[in-house]
Amino acid sequence: MDFNLTEEQQMVRDMARKFAEAEIKPVAARLDATHEHPAEICRKLAELKFLGIAVPEEYGGGGMDYVSYAVALIEISKACASCGVIMSVNNSLYCYPVMAFGTHEQKMKYLSPVASGEKLGCFGLTEAGAGSDPARMRTTAVLDGDEWVINGEKKFITNGNVAGFCVLAAVTEKGKGYKGISSFVVDLENTPGYSLGRVEEKLGINASGTAEMIFDNARIPQDALLGNPGEGFKQMLMTLDGGRIGIASQALGIGRAVLEEAVEYAKVREQFGKPIASLQAIQWKLADMATQLDAAELLTLRAAWMEDNHLHYEKAAAMAKLYASDTAMQAAIEGVQILGGYGYCKEYPMERHMRDAKITQIYEGTNEIMRLVIANNILKGK
Amino acid sequence: MNFELTDEQKMIQKMCRDFARTELAPQAAKLDETKDRSILKTNLKKMAELGFMGMNIPEAYGGIEVGAVANSLAMTEIGAGCAATAVTMSVTSMVAEVIFEFGTEEARKKYIPLICSGAYPAGAFGLTESGAGSDPAGMKTTAVLDGNEWVLNGQKIFITSAEYAGVVVVWAVTNKNAPKGRGISAFVVEQGTPGYIVGADEKKMGQKGSSTNQLIFEDCRIPKENLLGSVDDGFRIALMELSGGRIGIGSMAIGIGRAAMDFAVEYAKGREQFGQPISQFQAIQWMIADAYTELDAAQLLVLRAAFLKETGKPFMREASMGKVMASEAANRACYKAIQMLGGYGYTADYPVERLARDVRVTTLYEGTSEIQRLVIARSLLGVE
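Quick note, the sequences are listed as chains A and B, same order.
When you line the first sequence up against this note's numbering, it's residues 1 to 382, in that order.
When you line the second sequence up against this note's numbering, it's residues 383 to 766, in that order.
Simulated from the structure, these hints should not be mistaken for lab results.
Predicted model only: the values in this text are computed from it and were never measured.
Using N, Cα and C, we set each Cβ at its ideal position, and we do this for glycine too.
It is possible that some hints are incorrect.
[To be verified] DEER-style ranges, computed between Cβ atoms:
1. B:Ala501 x A:Phe272: 54 to 60 Å
2. B:Phe656 x A:Ile333: 34 to 40 Å
3. A:Ser132 x B:Ala730: 38 to 44 Å
4. A:Leu203 x B:Asp389: 47 to 53 Å
5. A:His104 x B:Val765: 55 to 61 Å
6. B:Gly520 x A:Glu368: 46 to 52 Å
[Stated by the list, open to error] List of simulated lysine-lysine pairs, DSS-like, C-alpha gap at most 30 Å:
7. B:Lys651 x A:Lys234
8. B:Lys651 x A:Lys380
9. B:Lys695 x A:Lys267
10. A:Lys25 x A:Lys358
11. A:Lys274 x B:Lys562
12. A:Lys382 x B:Lys651
13. B:Lys396 x B:Lys427
14. B:Lys392 x A:Lys382
Produce the complete structure using the sequences and hints provided.
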């Protein structure tokens, strides 16, 4: 056992921290208010190789491990949770499945531009009627000559409004349930029949776009299929395992920002003739936040380490996501409480953290789904 | 980062797990019910023979020095088998360590091998008094130097193993005029020293197999060289040692919580209601998911503290984090386990009832949860 980061992992973390503090944190409130896509930040994240962090260099990535990914994502999310989820989706939900299930040719064509950050990627799984139960999806893909013809609508797709590429799940064989689902890589800018639908107005992570994607007889090449027909559902689940490490890291970043700002405020805010930090009511909140955040971080880094070492990490990733997101939400609620009225106002970033934290309990598998995954693993003795 | 245990750590973990399952668990209910100390003493003797009492002690002094991480893993396994035995092991190890770190070479050579070998059934840690619990610096026991001897007077309370410990480390005020916490010293006192009087064994809710005694000193005279560290430096020693002890208690709590949940999961798989095993209901699955997630999280905190200790880094805050989270998560896990067993969980026919009683004290001793939060908050805020 060794709880120290390696030199490389430390270097990545320091680099991410420095960049996030200098270039992301100062603009986070503005991005939240304007809902604008942080294109300039994405360009710099690409320069740091953070958009394809675990992708081998030959495909335009950073060639780093998933522990490095997690520690970098914590730092980026601490400054801006919207930037964090853009990075998380690009890495975990786009680059990972293309890397894991694509051929060399597919990787050259579809992975390199996204891993290098030239274009952004997205993940088209969810539909209006298929959220926690994605096997109920309605989008279809039918082979017509040497092209797949896609019809259907995807919903709540992070990066959907700005992405150049999409990993898309669709039904290729009706009546077979999840065994009839396949996955594809779609070059969105060169696919006739694809159009962007509504971009959602949300409670938080406002600088990250959440879009509907409409496929109306959209035609993609036959070789856009990832793996074999019918493997899509399994591929999506494997992808989401990694995605959960990303969301756990994002949640941790939000939680870390909350703790830091709450400590700072409590030390200088005086009531009853002394800083409120000297009151046990406040100390208890801070102690619990710090303890739970450390615990969540260890769960997250353990899951990332397991992914790096090719161990079965489904349960570990679900535990990390569940615990980190619940911790971040609880921390943000208490963070607002510590700042009192100020916490409720936009003068301080605390209310943004609270709005941003909520989504981490919902996406990439609600926490209810996490508990199902964990319990099922335990009941099977895993 | 590397979350894999070393071969040696895996070996210790497996050895302790096997020992706990075959030797401790089958006797745990009987020990709880009868408080038959001969069962406890047999357990302790066997454990000493396997080296469990000196896991952080060099071989030269009779230990096996496998490090704090392995020690934590061991405590978790022993805790899962029998909490009364585990707490005795935790306190005894702490006593061996404090003598090793602050004792004279003579004291080390004299006492540590006796603890490690099992010649002494246990060691005891005499800090708490009736008026000095979370605030130990308020203690009243005194030690006065008289020629070549210290003379101890006062009363300790809640002292684990005091009635059969071969040796006890005792804290006493040596300078009444010093600022609070600056006039306390630590001493080693042997069982049987005239004036060392073992008082009543408390009637407790759980961990009944281990004794919790009053300990009275009446003009108890000990040699001058039985002082640990320097005069008036004892309070610092106590705080340092308690940090290590908290890793032990946290580790043990995780073992108790896991034992309860493991039992409840097997029960839920076999218990049918509404035509299906209750493990198929989300209400039960939620309890399972939350309990194991929290226990895993707590164990990582505890192991991190152990790792820091093992590598010579500061670990006070981390040990408090591990202890508060482990003890509270384990309490929740045990209560969930009872809930999963329903009425059966409330009876002594199943072990979860005992485990829930045994785990309760883990948020109380070696620093209440409130004291752990205080330690953590002070560290966060950068205040003393």
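A quick look at each hint next to the structure:
1. B:Ala501 x A:Phe272: 54 to 60 Å: holds (57 Å)
2. B:Phe656 x A:Ile333: 34 to 40 Å: holds (36 Å)
3. A:Ser132 x B:Ala730: 38 to 44 Å: Holds, at about 41 Å.
4. A:Leu203 x B:Asp389: 47 to 53 Å: Holds - the Cβ-Cβ distance for Leu203 (chain A) and Asp389 (chain B), about 50 Å, lies within 47 to 53 Å.
5. A:His104 x B:Val765: 55 to 61 Å: The hint (55 to 61 Å, Cβ to Cβ) holds, given that His104 (chain A) and Val765 (chain B) are roughly 58 Å apart.
6. B:Gly520 x A:Glu368: 46 to 52 Å: Holds, at about 49 Å.
7. B:Lys651 x A:Lys234: holds (27 Å)
8. B:Lys651 x A:Lys380: holds (10 Å)
9. B:Lys695 x A:Lys267: This hinted pair holds, its Cα atoms lying about 27 Å apart.
10. A:Lys25 x A:Lys358: holds (20 Å)
11. A:Lys274 x B:Lys562: Given that 30 Å is the threshold and the Cα spacing comes to 23 Å, the pair holds.
12. A:Lys382 x B:Lys651: Since the Cα atoms of Lys382 (chain A) and Lys651 (chain B) sit roughly 15 Å apart, the hinted pair holds (cutoff 30 Å).
13. B:Lys396 x B:Lys427: This hinted pair holds, its Cα atoms lying about 19 Å apart.
14. B:Lys392 x A:Lys382: holds (18 Å)
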